[in-house]
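Protein chains in written order, with the UniProt record's numbering: chain X, 1 to 369; chain C, 1 to 369; chain A, 1 to 325; chain Z, 1 to 325.
Read the hints as simulated data drawn from the structure, not as lab findings. Careful, some of the hints might be misleading.
Listed next, the in silico EDC-like pairs over lysine to aspartate or glutamate satisfying Cα-Cα at most 16 Å (straight line) [to be verified]:
| hint | chain 1 | residue 1 | chain 2 | residue 2 |
| --- | --- | --- | --- | --- |
| 1 | A | LYS163 | A | GLU190 |
| 2 | X | LYS354 | Z | ASP311 |
| 3 | C | LYS354 | A | ASP311 |
| 4 | Z | LYS163 | C | GLU338 |
| 5 | X | LYS150 | A | ASP21 |
| 6 | C | LYS150 | Z | GLU50 |
| 7 | C | LYS354 | A | GLU313 |
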Amino acid sequence: MLQQTRHDMVQYLRPNGWLTDEGKKVWGGLSREQKLDLYRWMVKVRLFDRRAVILQRQGRIGTYAPLEGQEAAQVGSALALGREDWIFPSYREHGVSMIAGMPLAHILLYWMGRVEGNTAPEGVRVLPPYVPIATQMPQAMGAAWASKLKRESSLAIAYFGDGATSEGDFHEACNFAGVFQLPVLFFCQNNQYAISVPFSRQSATSTVAEKGQAYGIPSVRVDGNDVLAVYHVTAEAAERARNGGGATLIEAVTYRQGSHTTADDATRYRDPEEVRIWVEERDPVDRCRRLLEREGLLSEEYIASWEECCKKEIQEAVDAAERAKAPPPTHLFNHVFETLPPSLLRQREELVRKEGGPDGSENPDPRHP
Amino acid sequence: MLQQTRHDMVQYLRPNGWLTDEGKKVWGGLSREQKLDLYRWMVKVRLFDRRAVILQRQGRIGTYAPLEGQEAAQVGSALALGREDWIFPSYREHGVSMIAGMPLAHILLYWMGRVEGNTAPEGVRVLPPYVPIATQMPQAMGAAWASKLKRESSLAIAYFGDGATSEGDFHEACNFAGVFQLPVLFFCQNNQYAISVPFSRQSATSTVAEKGQAYGIPSVRVDGNDVLAVYHVTAEAAERARNGGGATLIEAVTYRQGSHTTADDATRYRDPEEVRIWVEERDPVDRCRRLLEREGLLSEEYIASWEECCKKEIQEAVDAAERAKAPPPTHLFNHVFETLPPSLLRQREELVRKEGGPDGSENPDPRHP
Amino acid sequence: MAVKTLIQGIHDGMREALRQDLRVVVLGEDVGKNGGVFRATEGLWQEFGEERVMDTPLAEAGIVGAAIGMAVNGLRPIAEIQFMGFIYPAFEQIVTHAARLRTRTQGQHPASLVIRAPYGGGIRAPELHSDSTESLFVHIPGLKVVVPSTPADAKGLLLAAVKDPDPVIYLEPMQIYRSVKGEVPDGWHEVPLGKARVLREGEDVTLITWGAMVPLAEKCAQAWAGRGISCEVIDVRSLYPLDEETIIASVKKTGRVVIVHEAPKTAGLGAELTALINEQAFLWLEAPITRVTGFDVPVPMFALENAFRPDQERVDRAISYVTSF
Amino acid sequence: MAVKTLIQGIHDGMREALRQDLRVVVLGEDVGKNGGVFRATEGLWQEFGEERVMDTPLAEAGIVGAAIGMAVNGLRPIAEIQFMGFIYPAFEQIVTHAARLRTRTQGQHPASLVIRAPYGGGIRAPELHSDSTESLFVHIPGLKVVVPSTPADAKGLLLAAVKDPDPVIYLEPMQIYRSVKGEVPDGWHEVPLGKARVLREGEDVTLITWGAMVPLAEKCAQAWAGRGISCEVIDVRSLYPLDEETIIASVKKTGRVVIVHEAPKTAGLGAELTALINEQAFLWLEAPITRVTGFDVPVPMFALENAFRPDQERVDRAISYVTSF
Ligand SMILES: Cc1ncc(C[n+]2csc(CCOP(=O)(O)OP(=O)(O)O)c2C)c(N)n1
Ligand SMILES: Cc1ncc(C[n+]2csc(CCOP(=O)(O)OP(=O)(O)O)c2C)c(N)n1
Ligand SMILES: [Mg+2]
Ligand SMILES: [Mg+2]
């Protein structure tokens, strides 16, 4: 059982690919497919991410926020959620979104500056990426509150970074969640930096987890590059939330191996040696691969064919996104209000006249880009 | 010495008027005048407060926020500050303001809706009352930061209530103070209620003090009706701040004996028995009086003559405030900018024409109402 | 129909909404046991219980953020901000999220919620309690903004706002909470958003206003009627979307316009109304559109609030000006 | 004088301020070691040290609140908000406190500070990075608001803002950060607040604009010059206080006005300019004042930002309209 508050870092899978004793127990409880899924998703997420960075360099998508290094935190937590749970991501949670069911093509569309990329397929409860830091947290809290009031078992999870812990919205969301015992998980990927600002200048505490004490909510610090531990602590917290035990603050200790976004240059503010350690010695994907290989669940051929499979899927998504018919300019007006007031109808007319084209009615269905 | 973080409540003077062992030591270190001052100020503050409530009932001032019950928290802390310290009060800190040097007449003027009441005499570093909850906290933090950057020994103190701890501004201010080790005191009068909302619905923690942990700043919980303990913990925290030791969060546990403001009716939401206990058994003024009487520092005559003296001073302040010449309507424009832009000069002209009177130049000196 | 005050109209609207729509919840500071600092929610906590009427911690971004999340997850929250002067901590949640969530999610999550806030001066409230910053919200695409000035409108606009799938900022002119009385229909009563109310017809001048300035405009119109000048008085009521049709029709009839609002002049809503009329009725104008507004100074403490706010003399001067131009 | 970009002008202004006035400090997210996400503060941390150029935690209310407190205690802070779209968490500190502290303290604490923020679209930035909500700040009494559109003005307005004892919101049109170049005076160079810049004189139409729309207006004016219509182009530059004199003089000369801004139309600053001109130059107007603005929709993601923002075609149409009215 998860202790009320654990600030020593939970780790089941060591950087060298060996399980701890506790880890062995947890691992033993997983099916073969579950074990493989942890790895497969991380690979897919990484390949997607790398491809997106290349697409940006090629000018085919806009500024992009890479997640390389954070795959375990995202995959481990997302796999612990249910379809009915509400996910409030930040701009870096591509891994989470795809696991929850956002088509890869949508994620790419978003970074192509296309709002249709935000549309979730039926039944997928992922909100669009939250760009203004920490603002998703009160909303996730509110969604959880609604679940509780409606006596539904769905929970809400907010994803955010270490920098987000400094915002007032972090505080207000955690406080409400504590007071009302809401089924919400606050999942912090502490990747050590908020753009260039290290966590040591972000907070006088050395961990995010200990901040949970201020809200009377249990918190747990987990090795965010250990996909098994992340999966397990998230699943435990989710279960507690569903059973009326209220919120949990989870700090996944990880590292962004690349720059903040493709517009950023992390070499300006990070020590190369620090980066090297995280990349070479603590990588989340390598670690999981080593374990699976040792357990005979993974062969070189399997890896190769899985990577091939992912690349194909990603390529299809790229094609789909690039083929997706751009909505006409009048699309600007399509979802401002349920019913456009006269002044907006007039403005829309102005645009139609200017475009000299159709009236925008042939707006492609955004769910099938 | 003050421990890093003390969440057991510091108490030196028991409700029955007897000192604890630790209290005896602290008490012994005070001069006769200091001892009497603690009491004298509390009496003056209470008499002022009661008079203000009556003035409101008589329609001579507007809505007023009474502090009765919180005298020890305000007097004890304010007496521990120096003239060079910056004070950022909320709307209930009349006791603090008067100790810092705000003329009583100014405080009354403020509640008469007169902005001149905010003007501090030369050298008095009290900001106007902060009405929007918790907003004074980042500013106090910033003033403290400036002291530190300028290598001055002045500190800043923000006064706020238990409800304020829920606002994002509380969090952001505390966090900066922790990160930059700023000489700022966050002084919370936990009077148990934010208007009608009890602290148990404001926060899932049972104390305010434990919230300090989230910011790596020492915090202390003190009996806010024990003027000696409040004085002492504030003095210690101030000394630490001046010596580069950074911020302290102080929770003074107290009770507002009356309503939130004269527009509120506390009987709607508080249990009369709860009120009775705080009024009859834990009153801060009684407690101090009992101690001083026992020590022979206070006689009935002394009390009577001091009260007389206070009442006279208060009466003079009432007279001064009521006599204070109201500034003309054009005063609206006097301090919007250092130099009025043309559009504002024109608006001012409009008002002058309307008033048909003088041009507002005979604006009385607001420092001498 | 019973005669009620404006705040009773608001109260009735919330009660009706809570009764008829189980998705509706009310949340805010002191709205529960205490019934709200103005008693707008009096008795609702007792009647509907603490799962429908919820006291929150003191945190406006938390309140509005929670309301957005609730709306996403199927509720219809009515969030109370205790005074408009305290809405700013929630500004980001309102302008970045409530206003844009429908667009951002391509219609999937319209953020169907109502944010109520008492606003304006005139009750000698403490400092910083008397802001009228309605134009800030009108400027943000995706929000609707309404202000009732009669008890029936108070109820009708509130219920329309609750039913409306888009986020509505519902501002309550606290000066006339209790001074304005009128009949309020029983049961579910809606006043459509986007429609102004012409409370007095006239030929010579169009007086455009809303909220607590409505009684003032009416008084002025009455006085000028005695002097042979007939004013058409329009209570805008829906600040966004504006009822352009009613406004423009009136201006085309009178050719002279006085706009009265309590907020400071510069970039207040009077500016937008002026621009709109200039665009749509330019050739009908016979005098400059004239604004009578709060001055461009911080809303003063109450000793000077009468000097700050529009009054009969300033409105009269404006009417003289446009009629003798 | 060297030729520099607009962002270099801003950078030079900050450097000069830090050099000449020891009270000046720069604070914000990533402004230190990283030199700002746009490199506006590049090298300043290295030159002046971390007690003058300070990286802060990620909290805008904290940043602005701290800056106010610093100003109270004798410093002259320049606070950077990383993008205007992220200024809203600090809204309360700005509108309730920075704007009003001088009034509230009767002149004792004027909140002398500068808040810088990049604003507007045109650089294909990620979602929610491209707001232009300048009119919100113009509406708040007690604030000054400026927008440079040339490198020299960038430096000159920044130094004037630093020297100005009142709080100044300094907005940076990021689209033209690097595309606009020009000579920038060395040393301390001020451009007075409250003065517009007439960048092109003309007789037929007055084009009023600011920020990244200035080059667009200039281009349109040029094109129309070829067709025999001469446009006077005014870069408002100081959004509050407005240079009414320059604006009104121009309108009285041309009688026809087109206002171009990127922000949504309703209750944008174009409304105030329209109202102002209507009030002060009514009899000189020969056509409705016409606004070309962002549409009243949430600022879109970048794929549609060109459709949202004013462009040459829309401005041309407006010029046709007012000249053929
Ligand atoms: C309210 C707000 N302020 C500033 C920014 C600009 N910004 C974007 S990402 C970022 C750093 C976020 O750091 P962190 O929370 O640690 O998340 P990470 O990017 O490391 O995943 C900043 C300052 C923003 N998006 N929102
Ligand atoms: C930002 C903000 N929200 C709401 C209010 C309305 N209000 C005034 S006092 C108060 C309660 C404050 O409680 P607390 O912080 O405990 O201080 P106390 O009044 O008990 O001294 C509230 C909600 C306000 N002034 N500011
Ligand atoms: Mg981070
Ligand atoms: Mg309290």
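*Mind listing which of the numbered hints don't hold for this structure, in increasing order?*
none
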